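S.K.: The chain contents come next:
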Amino acid sequence: MALRSPLLLVAVSVLIAACTPGTGGGGGGDGSSFEFWSFAAIDQRASVDAYREKHPDVRIELTEVGTSVETAQALTTALAGGEVPDLVLIQGDDLPKFVQQPQNFVDLRTLGADDVTDDYLDWVITQSVAGDGEVLGIPTDVGGMAVAYRTDLFADAGLPTDRESVSALWPTWEAFVETGKRYRRATGKAFTDNAATSVFYQAVNQVSQKYYDDDRKPVYDSNPQVRAAFDLGIEAATAGITARQASFESAWSAGMAQGEYAAVSAPSWMLDRIRSVAPDTAGKWDVARIPGGSGNWGGSYLAIPKRAQNPQAAWDYIREMQSPQGQLDHFGRSGALPSTPSVYQDERLAAATDPFFSDAPTGKIYTDSLLELKPFYIGPDSATIGQEFLNSITNVEQSGGNPDTAWDDAVRNIKTAIGG
Amino acid sequence: MTVTSIPVRPVVPPPVSRRTRRLGERLSPYAYIAPFFVVFAVFGLFPFAFTFYVALFDWNPIGDRVFIGTDNFTRMFADPRFWNAARNTVSIWALSTAPQLLLALLLAHVLDHARLRFALFFRMSVLVPYVTSVAATAIVFAQLFDRDYGLLNWLLGLVGVEPVDFVQSTWGSHVLIATMVTWRWFGYTTLLYLASLQAVPRAVHEAAVIDGASAWQQFLHITVPSLRPVIIFTVVTSTIGGLQIFTEPLLIASGAPLTCGAVRQCQTLTLFLYEQGFGQFEFGYASAVGVALFVVVVLIAAINYLLSTRIKADR
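Chains as they are written, first to last, in our numbering: chain A, 901 to 1320; chain B, 8 to 322.
There could be a bad hint or two in this list.
Here are the simulated lysine to aspartate or glutamate pairs, DMTMM-like style, with alpha carbons at most 20 angstroms apart [claimed, not checked]:
1. K997(A) with D71(B)
2. K1089(A) with D172(B)
3. K1206(A) with D949(A)
4. K1315(A) with D78(B)
5. K1274(A) with D1115(A)
Hints are computed from structural coordinates only; laboratory data are not their basis. Fair warning: this is a prediction, and the values are worked out from it, not measured in the lab.
Please work from the sequences and hints to get the whole structure.
M.R.: As structure tokens, this is what we get:
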């Protein structure tokens, strides 16, 4: 035994280490229970609890892995050679990497997805469809876009304050930048937080083709729509209308609390962020339409890995909780915006208002912003290309980069990164 | 201390054949050291060897693995991002190592002073930064050095200096990271020096004082020479550590963490490796960067070996 026990101990500990976080196996294929990986702070627990209440016989093992990025990394490791969950939540930004490798997931059409795909916004569901039409994920929510603005700061600058007149100030992004300059002239202060995410990122998502054309060829360096959005971003960066704070950094939160930004591009989930980082500004905000009229930032998908042991139980969950009615109920519980347009007229959503933002009709404003978007192809390198454009604009805004060479720099960096 | 005899109860050996016992005796030492070596083999040696293998592939962890020979290395040598990361690493290393070792040397000299009161307290407290988590240090320093709300820029503002954007400028981010590294490691290095200094007989210092040597002369002619081997050791370890700086750059630019800023101004080699592996899923390319890093570390270790054998020979 002297020989065996330490070895045994090591063997056991190695096994344990190799199994986390996939231990449990979610009920081992008995058909009525499943294992579910979600990210923290998105309130999937509320959905799971609601489902458990209706189906007491189903056992759901919910693991909140961490942030959305950490969840995607854990999923990657699991797919590469570990124990996979039966159901996993993937954030929209992480999705393309997985859609490029459809062999890792169950084609949901085999479980009956064809019956439900029409329920979802076309440009949202398209993102989870792979090359041969495999449906790999069902959208759980979307972001929508609007502009949150400070009525008190607008009044100080002599700008209108009611949301209709404010929306009328910026039908286009050019007008938004112009309004920023007007604000700057009146107050000498910054208008918005940064050019990269508050201007470029929003404008570049309002296109009909983005970094790839409809034949899935990369056109990021020749597409005039991308170039126009980029030039807008550079103009905003050099016009002195931004506070040069990258979104979600701690200084960005501090600036929000200090009233450094009069207007911020805000998806629906950012309203909660503003509420929590700047609680003293309650009632000083309002919400206006996004320039260009439409937009989205964020949203997630539920997918079932190929090696899942209980795909049917996971699908039953998706089918029930992500139905238009299920998403509407979830909106009531968590405020996550449904990806199913058929419920956008429902009172619970259309009449939703937010007291923190001067009782703005957030339900209507955000759902309206989703209806005009067009589907465009998101390719294997879309995330990298987008990041390099954002970096190039941030470089001009914050690190003293040359605005005249910014476009060429970005295109060169993209070519280095994707090897084109 | 005197040796006292302890009454020992005679041990009755269990009836085992001689041969089994001898085999057990011969094997059991290996069993005792096995835990380390087994864990090392699984989590150290195997991934290490496997990295060389993966570096020869275009390797997507959840997709295709295509053998491409040395293409990853050719690409790496032509990649401006790799050279940028290498430059940043060297710059941050130089900015952190030199002040760290000098500070530690001076502190060790002071802490070794015979008449220092509360010596134990001071000797222990220099170690506090070392036991603080890197993440906590990074977050606090990033706030201290913040452009708009940082304490440092507020102080600079009091004397009329324009706010410095530490994170977004190249040299600023390097200074910020180097400060964090220095802060974290100077106590550890001080204790290494101190331990070595305490081995120097008091009499040497006393003789020097009698001969009229000043404190500075004592430092120069007693402290530094007696520390030479350990100085070489710390230069080498901090160089190897400096090549692997990762957490600090990852945490200071939360807007673009994997590149440490919009223009990769503080992306180190290890962070570049991580970006390629876990941001881009290019495991093959990331492994190639890892191999390159390994070669550099081996070269530095070799230089260390040459230097330390020279020192031994000098004696």
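S.K.: Can you confirm whether the C-alpha distance between K1274(A) and D1115(A) stays at or below 20 angstroms?
M.R.: Distance of about 16 angstroms is within 20 angstroms: holds.
S.K.: Within 20 angstroms, alpha carbon to alpha carbon, are K1089(A) and D172(B)?
M.R.: holds, 19 angstroms
S.K.: Within a Cα-Cα threshold of 20 angstroms, do K1206(A) and D949(A) meet the stated pairing?
M.R.: Violated. K1206(A) to D949(A) sits at ~26 angstroms, over the 20 angstroms cutoff.
S.K.: Is the Cα-Cα distance between K997(A) and D71(B) 20 angstroms or less?
M.R.: holds, 13 angstroms
S.K.: Below or equal to 20 angstroms on CA atoms is what counts here, so check K1315(A) against D78(B).
M.R.: holds, 17 angstroms
The structure does not agree with numbered hint 3 stated previously, though it agrees with all others.
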